[in-house]
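Using the sequences and the hints, build the whole thing.
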Amino acid sequence: MAVLVAGKQVPLGGPKPRTLLAVLLVNAGRVVPVDTLITALWGEKPPNSARPVVHTYVSALRRMLGDQDDALRRQAPGYVLDVAPESIDLVRFERAVSAGRRALAAGDARPAATTLAEALGLWSGSPLGGAEGEWAESERTKLAEARLVAVEARLEADFRLGRGSALAGELAELVAEHPLREPLRAQLILALHQAGRQADALATFHEARRLLDDELGVEPGPQLQAAFRTVLAEPAGEAATPVAALTPSLLPATISDFTGRREDVDQVLRGLRPAGSAARVCAVSGKPGSGKTTLAVHIAHRIRDRYPDGQLYATLHGNHPEPADPDEVLARFLHALGVAGAAIPGEPAERVDLYRSLLADRRVLVVLDDAAGEKQIRPLLPPGGGCAVLVTSRVRLAALEGAALLDLHELREEETLELLAKLVGPRLAAEPEAALEIVRLCGHLPLAVRIAGARLAARPDWTVARLAQRLGRKQRLLNELVLGDLEVRGSLAVSYDGLGEQERTALRRLGMIGVQDFAGWLAAPLLDIPVAEAEDVIERLVDAQLLDPAGADVTGLSRYRIHDLTRAYAAELCDAEEAAGEVRAALDRVGRDALTLVRCASGRLPSPDGSGRLDHATVEGIRGDPDAWFEAEEDLLVGVVERISELDLVPTAAALASALSSSTFAARNQFRQWQHTHTAALAAAQRAGDRAAEGLLLSGMGTLYFEQDRFDESLAYYHQALAAFAEVGDRLGQARTWLSLSFVLRERGSFADAERALTEAVPVLRREGTDEELAQAEHNLGMILTESGDLSRAADSVAKALEHWRASGNRRGAALALRSTGIIHRAAGRLAEAADCCTRAAAELRIVGSRLVVAYADQALAKVRIRQGRGEEVRQSLEEALTTCNELQDGFGQALVLRTLGELDLAAGAPEAATAHLTRSLEWWKALDLPVWQARTIRDLALAAALSGDERRAAVLRDRARAVFERYGCREATEPLPLPLPLPPDASHRVR
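Here my numbering runs 8 ahead of the position in the sequence shown, where the first position is 1.
Worth flagging that the hints you see were computed from the coordinates, not collected in a lab.
Among these hints, one or two may not hold up.
Derived DSS-like pairs (lysine-lysine); straight-line CA-CA distance at most 30 Å [to be verified]:
| # | residue 1 | residue 2 |
| --- | --- | --- |
| 1 | Lys16 | Lys150 |
| 2 | Lys150 | Lys53 |
| 3 | Lys430 | Lys150 |
| 4 | Lys53 | Lys16 |
| 5 | Lys24 | Lys150 |
Label pairs and their computed distance ranges (CB to CB) [what the hints assert, rightly or not]:
| # | residue 1 | residue 2 | range |
| --- | --- | --- | --- |
| 6 | Pro356 | Ala234 | 28 to 34 Å |
| 7 | Val856 | Thr778 | 15 to 21 Å |
| 8 | Ala473 | Asp720 | 54 to 60 Å |
The beta-carbon is built from N, C-alpha and C at its ideal position, and this holds for glycine as well.
So this is what it looks like as structure tokens:
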């Protein structure tokens, strides 16, 4: 857009003033309301200052235009631009086009051609250049359509003047720009015909018919059909020669920005390499939008010179409700090979015979796109070794005899970024992180990336980050991946429509779950059928390229992966087609089956429940390696809890969240997952007013914070749980919570309170609890008594726990009790017995325990070895234990091991190294707010100070430590203080 005043172009300012002027010019001579101007400039959300800003822009335009005659003036309710119509190119263009079309209608082709050419000569660049916003884009579209109509009219005038043969080049460019515009393609066919290029004219028609069918599902319109009939007008003597030697060239145009796929291209080329007397066949399969057709056409053009007798191409519509009939495709191929219409046999078998006869000794490349299956393809396979066939299909054509098979996957990340850069241009390099996010959201699927890139290219005013942000809106992802006739949703819909009802239901409900990869058992509760039947359904979705195989899990069941865009499409379908009650029922079944598997994996359930969906083979496979199963299913299990919580399926959500926290999350310190599941389930329980479920989940939150060493928060949640259980009269729930409270109170140094908590818990646990809970209570009582110095009673309690755990076959619990027995022996000075117990415990826990439990066992053994004067033997194991505690975010463990390393340094006579370790340990104890452990570490620092010769500081630190021991009733309050010297191997005193 440009304005000339006195023959000189004047500056128009930024996009907003240009847009304002564009609105006034398009409506020249008419009043444009201010509200209309505001909407054009800012859309539906203008700033509060919009009106005064419009007035400011108008004043600025007046100055730029040198408005002496008040052409741009205020007139209620807006402004009017009153200038001579002939001064506006758009008005001149519209008048000239109208005059040219009138002349054409009157049969005056020559003046029509001249007038229309003059009208088109008024165009220069993009219309309304510099204007922005939805109004400007809409107006540009209208103007572009008006220009195209004028071009078509000018071309029609040129045809009438006999200039058709000279128009082929111009028309080819126009058709490339507007491939679905039938008048232009009809004119191109006639131009090629007039130029004597009949084969190209026919190829152009066939390409148009394929494109219209692929993109719009329609046959060519009257103009295209008429142009085709004109080209096909047969000479008088053709009946005597039914087969002419034609060289068909039916390949569609390749794309200039083909990217990547080097290994795939090489594999296809190897598959098509001539070998023997039979035609070579290569079948490419892949999910919707993976670029199968693009790859096939690219390769076909690359090797077309090897097949001088022609290239045949057909789209077989394998995923349409009515796939292409091979007989009809044969008729097209025969016609392209020079067989006159009257000479094409009517019987399918005779057509096959003629087709094979024609190709037997010729070198022809046949490309069959979007095949439904092997049966559709077989009649179209040529017989001779000089031919090659390249097939694409959404299904793997494993039964196609002698075919080389290629499964086409998503592009690699670097290839996807390269494709996006080719589409968008240099500005992509300025926002690499946003570009990476776009290809990630597109799932590295070529179709999706191509749409995203084309959208960015069409919107130069958008930043790359803006498109990434729009794609990141989960509910609108597929809406954003639409441009013209390109659409990810439509591509997926073709495959979905070809599925059976059971497969459709499975896909929809997998989208509802929102999981990325899963095992075959998941489909069983989704469909309420046994696992074996469910796997068959899933395999059919794999065959349809809507799921990908992803190996097998520890149970022997296959695992599968669903592409992000397929999952988004499936979720849309679930929202649209599934009744809310069916969704709730399916998700509840998933939650209950997941709970069964978690309990089986944790050893709490001997066999599957009575649903009839899960089988013993699946359960036994999980039991073979429960840790591996939990790791593989972690995302699914967390997602299921969150999803069923959203639907307020409280009993199932609470039970599954609780089961997970007492199995995998606790053992592997998976605090984030624990937090997610409990927060979601607790919110659902609170919405439903289910106080029993609240109590269970509040107690679980208390345990979570205890495991994270956040003791104050842990106590608060446990007390809330006690209140909830009391409200519903759940004595067992209260007892279990008192048991959990006792662990927190013991770690806090509140030994008397911890023992009182057990006093509340144990009577109920004896009546209603489990042996496991009684073992935990006895074990914790033993540790409390150890801390307070009652070592005899402590040993009795731990022995009872050990007996319970051995009787129940709990090897891990028994090993923990053995470790605790070693700690009691160590506290009593029985170092040989302590070493024996701790060594056996560490060995057993390496078999049945987690990394963290092994780290604690190694620390307990190291304490004994230090007292035995063999500390250097365990330094490496302590360093490894520290690493483990650090990696698993266990603050208590880090503090404990750091203190033990400090004790080792003291025994080695290295007070400076000891002070460094002990100071770091003390910082952790302070952060955890554990006064007793602070005092123990301060006492060790006193010894380090004494060894360094600072007796004054040592005395101060010893007094501080003793005061804490006395306040909390610790056994250290009555023990002698450590000696201020390194320990010889035979020293008898203890450093705790």
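Of the numbered hints stated previously, which ones are contradicted by the structure, given in increasing order? Result: hints 4, 8 break, sorted rising.
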